[in-house]
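Novice: Protein sequence lines, in the order shown, are assigned to chains A and B. For the first sequence, the residue numbers in numbering that gives the first Met the number 0 are 0 to 347. For the second sequence, the residue numbers in numbering that gives the first Met the number 0 are 0 to 347.
The set of hints was computed from the structure by calculation and includes no laboratory data. Note that CB positions come from ideal geometry on N, CA and C, so glycine has one too. Do not rely on the hints blindly, as some may be mistaken.
As the list claims (entries may be wrong) - To spell it out: a stretch of chain B is covered by chain A in this simulated footprint if at least three of its residues, at any positions, have a beta carbon under 8 Å from a beta carbon of chain A; those stretches are:
#, segment
1, 77 to 88
2, 92 to 101
3, 191 to 199
4, 262 to 272
Claimed, not checked - Which chain A residues stay away from chain B? Per the calculated CB distances, all over 12 Å, these:
#, residue
5, E84
6, I118
7, N213
8, K223
9, N244
10, I246
11, R272
12, G290
13, S299
14, L322
2 protein chains.
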Amino acid sequence: MKPKMTLKRIAKELGVSISTVSKALHDNKEISQDNRDKIQAFAKFYNYRPNNIALSLKNKKTKTLGLIIPDIVHNFFSKVISGIEHVANLNGYNVIIAVTNESFDKEVINMELLVQSNIDGFIMSLSKETLLKQDKHHLQETINQGIPIVMFDRVLHEIACDKVIVDDVEGSRIATQKLIDTGCKKILLLTTGDFINIGKLRTQGYLEALGNNNITPDSDIILKINDLGNLEKKQDNRDLERDINQIFEKVPDIDGVFAVNEIYAIKALNVARQRGLRVPEDLSVVSFSDGILSQHSWPSLTTISQHGFKMGERAASILINRLALEDEEKEFVTEIIKTELIERDSTR
Amino acid sequence: MKPKMTLKRIAKELGVSISTVSKALHDNKEISQDNRDKIQAFAKFYNYRPNNIALSLKNKKTKTLGLIIPDIVHNFFSKVISGIEHVANLNGYNVIIAVTNESFDKEVINMELLVQSNIDGFIMSLSKETLLKQDKHHLQETINQGIPIVMFDRVLHEIACDKVIVDDVEGSRIATQKLIDTGCKKILLLTTGDFINIGKLRTQGYLEALGNNNITPDSDIILKINDLGNLEKKQDNRDLERDINQIFEKVPDIDGVFAVNEIYAIKALNVARQRGLRVPEDLSVVSFSDGILSQHSWPSLTTISQHGFKMGERAASILINRLALEDEEKEFVTEIIKTELIERDSTR
DNA sequence: TTGTACGCGTTATCAA
DNA sequence: TTGATAACGCGTACAA
Chain A
0 MKPKMTLKRI AKELGVSIST VSKALHDNKE ISQDNRDKIQ AFAKFYNYRP NNIALSLKNK
60 KTKTLGLIIP DIVHNFFSKV ISGIEHVANL NGYNVIIAVT NESFDKEVIN MELLVQSNID
120 GFIMSLSKET LLKQDKHHLQ ETINQGIPIV MFDRVLHEIA CDKVIVDDVE GSRIATQKLI
180 DTGCKKILLL TTGDFINIGK LRTQGYLEAL GNNNITPDSD IILKINDLGN LEKKQDNRDL
240 ERDINQIFEK VPDIDGVFAV NEIYAIKALN VARQRGLRVP EDLSVVSFSD GILSQHSWPS
300 LTTISQHGFK MGERAASILI NRLALEDEEK EFVTEIIKTE LIERDSTR
Chain B
0 MKPKMTLKRI AKELGVSIST VSKALHDNKE ISQDNRDKIQ AFAKFYNYRP NNIALSLKNK
60 KTKTLGLIIP DIVHNFFSKV ISGIEHVANL NGYNVIIAVT NESFDKEVIN MELLVQSNID
120 GFIMSLSKET LLKQDKHHLQ ETINQGIPIV MFDRVLHEIA CDKVIVDDVE GSRIATQKLI
180 DTGCKKILLL TTGDFINIGK LRTQGYLEAL GNNNITPDSD IILKINDLGN LEKKQDNRDL
240 ERDINQIFEK VPDIDGVFAV NEIYAIKALN VARQRGLRVP EDLSVVSFSD GILSQHSWPS
300 LTTISQHGFK MGERAASILI NRLALEDEEK EFVTEIIKTE LIERDSTR
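Generate coordinates for the entire structure from the input sequences, incorporating the hints supplied.
Specialist: Shown next as C-alpha cells:
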C-alpha cells in the first residue's frame, strides 16, 4: 500500500519547490516549459490527484449536496434520488443521503449532522411529522447560516427557498376528469389527512373537477386516511380495506375511485375483487404516483405520473446553479413539474 | 449570516491562545478549571462545532462510506441502503451513494470519484456488466490502495475482501421444495443467464431440490432470461410473457413456477391469467426477493426473503469494524444471511 | 523563472 | 498552567 502522492512528495522527488509543482500542474506560464512537462509527466505517471479535503478546507466548499428524504424504500423517492444523482455527478457533486423515517426529530438531527459535514446545500422533502407540527425553525436556521435549501414535493411555502413541486391540484383534476369522462358518476376519493399538503391539494383537485361537471361532492365517499407511518410497510393495513369495503356497503353504486397514492389504489382493487366488481367494466380506478405497483398490478393502473426523476434533476440543477452564484441575489423560484396522465387498464 | 465559530475566533474573543481553547474544549486537565469553564461556556453559547474538514485533513479519515449500487429504484437495494444508513449513522458515519446503472464503466468512474472524495471504505454490489466481463482490476486496485471493500449480494469470490451474501442455493432449494411439497410435479424455472452468479446459484438450488425428490430436470421448462438492463423499466418486456406462454404451449401440464425475481413471477402470474389458470389451485408460484410487488400482487406471492435491511446493517458494521481496527490483520469474512420463506397466497 | 510564506481549522508536541 | 509551533495538502500573493 503505497502512500498517496502529494505536491510535497513530487517536489521532493524532483528537487523543486511545492509551489513550482502546484503551478506547473495548473499549467501556469510562469513555470518553464521544461519543468512543466517534467512535472506533469511525473504527476501523471504516479497518478497524482489533488486532495479534495485540503481543497475543501481552503475553498470552504465540499462539492457535496445533502439530501434529506422521509423514506428511501419508496419508488417515488428512489426516482428523485436517481435524478439528483444524475445531475450532481454531471457537475462533480457528491450526494449524501439521510433518511428521516417521517420523524421530525430525525430530520433536525440529520440536518445538523450534514451541516457539520460541511455540505454545500440541501435538497429535501419534509417528513410528515414536520408537516404536522409546522415546526420550521431548523429550516430557517440553516438558511440563516447561509446554506441554501431546495425543497421538493413536500414543501412549506412559508420558507423562503427554491422549491420543486408537482401541480397536485391540476393532476388530481385531470385524474378525476378522466373518470368523469369515462362515465363515472360516483367517485370515491381515497386521500390522506389535510395536514399533508399533497393530500389537501389533491382533494382540492378532485373537488374542482366535480364542480366543473356540476357534480355535488358527497362526504360519504371521501375517505381521509390518517397514517403517520409508512403504510407500505405495515402488515396490518387490512383495516384500510375494511374501511373501504364499508363505504361500498353504504354506497353500492360507486363506479370510480381516485386514490392519491398507489397503495390506496391497490387496496381499492382488492376490495373490488372481493365484491365481485370488474375493473374497469364496473369500476374505474385512477391513482396518483406512477410507480412500480401501477405497472405490475392487475389490472395495471391508470395513474398520474409525477416524473420523479425529472423532479430530482430540476432540484439538483437549481441548487447547483445557486451555489455557483456565490453571492445570494437571485430570487427564489418555485418550479412546477407537469404531471401526466398515463392510461392503463384500470379505466375504460 | 454570521461567520462560523472557530478555535481562533474563540481564542481572540477570550484573549487566550488557540491551543488553550483546544485543550479546554477537550477538558484537558492542563488547563485551569476557571478557564475550562469559561471557554466551554463560551463555545456552547456560540454553538461551536469543530470543523470536520480540518479534522479529516489531520486524521486522514472522513467518516464517510462510499456505496456503489447498480440501481437505486429497486426495492431490494433500497432496503439495503436503509440498513447501511442505519448503522452508519449510529456510528457517526455518512454515506455517499453512487449508482452504476449496471454499467462497468460507471462503476469504475464512480469508484475513482469516491476515492478522490476520500471515503474511508466501500460497500458495493457489482454491476451486471462487471460480472459479465469479470474485470476486477478496479476492485483490486482500490484494495491495494488500502481502502477496504465489503461486497454484498453480487460479489466476486476471487477478490479478497469481506462479503455479505444470501444463501441463494439454499433459498432456492427451499422455494422449490415448497412447490414440490404442495404437490407440484412440473416446475417451470424462470432464471437469468449464468453469468450472474445469483442466477446460477438459484438454478443450482432448483436442480438440487429436484434431485432430492428424484425428479428429472427438463430443459424445456428452464427459461434463462438474458437481460443486461433493468427489466423493470423496460416497456417492451411483453417478449418475456410471450416466451413464457410458449413454454406453457409446449408443456401444458406445468403446475408450479419458481422465479428468481419478482418481475419474472409477476409475468408468470399474468400468463396464468391469460391461460385461465387459477393460482394457486392450478398453478403455484414462488418468487425470490421479497419486495413490494410480492406483497401487493394478486394473488400475493409466496417468496424467499433476502432480508435486505439486515444485509445492509451487516455490511456496514463489518466495514466499520474493519475501519476501527486500523492495522489490517483481521481475516476477511463471508457472512451468509439466512433466507426465509414467506408464505402468501400464490401457493397452496 | 522559481521559491518563500501564509492561511484554511484542528491537534499534538514542546517550550515557557 | 499556558502558548508558540509544526503538521495535514493545497493555492497564491509576493519576494527573490
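Novice: Confirm or reject each hint.
Specialist: Hints and how they fare:
Closer than 8 Å: that is the beta-carbon criterion, and the segment 77 to 88 of chain B has 6 residues meeting it against chain A, so the requirement of 3 holds. Residues of the segment 92 to 101 of chain B with a Cβ under 8 Å from some Cβ of chain A number 6, which satisfies the need for three, so the listed coverage holds. Given a C-beta distance limit of less than 8 Å, the hint that chain A covers the segment 191 to 199 of chain B is violated, as 0 residues qualify and 3 are needed. Only when three residues or more bring their CB closer than 8 Å to a CB of chain A does the claim for the segment 262 to 272 of chain B stand; here the count is 5, and the claim holds.
At roughly 5 Å, the least C-beta separation between A/E84 and chain B is not larger than 12 Å, which violates its mark as non-interface. Here A/I118 does not stay apart from chain B, with its beta-carbon only about 9 Å from theirs, under the 12 Å limit. For A/N213, the condition that its CB be more than 12 Å from all CB atoms of chain B holds, with the nearest at approximately 36 Å. Non-interface status of A/K223 relative to chain B is upheld: no Cβ of that chain comes within 12 Å, the nearest being about 22 Å off.
The non-interface label for A/N244 is consistent with chain B: the shortest C-beta to C-beta separation is roughly 16 Å, beyond 12 Å. With a least CB separation of 20 Å from chain B, A/I246 remains clear of the 12 Å interface cut-off, as annotated. At roughly 7 Å, the least C-beta separation between A/R272 and chain B is not larger than 12 Å, which violates its mark as non-interface. Annotated as non-interface, A/G290 brings its C-beta within 12 Å of a C-beta of chain B; the closest such distance is 9 Å.
With a least beta-carbon separation of about 10 Å from chain B, A/S299 fails to lie farther than 12 Å from that chain, contradicting its non-interface assignment. Residue-level check passed: A/L322 sits 15 Å from the nearest beta carbon of chain B, beyond 12 Å.
In the structure shown, a violation is registered for the earlier hints numbered 3, 5, 6, 11, 12 and 13, in ascending order.
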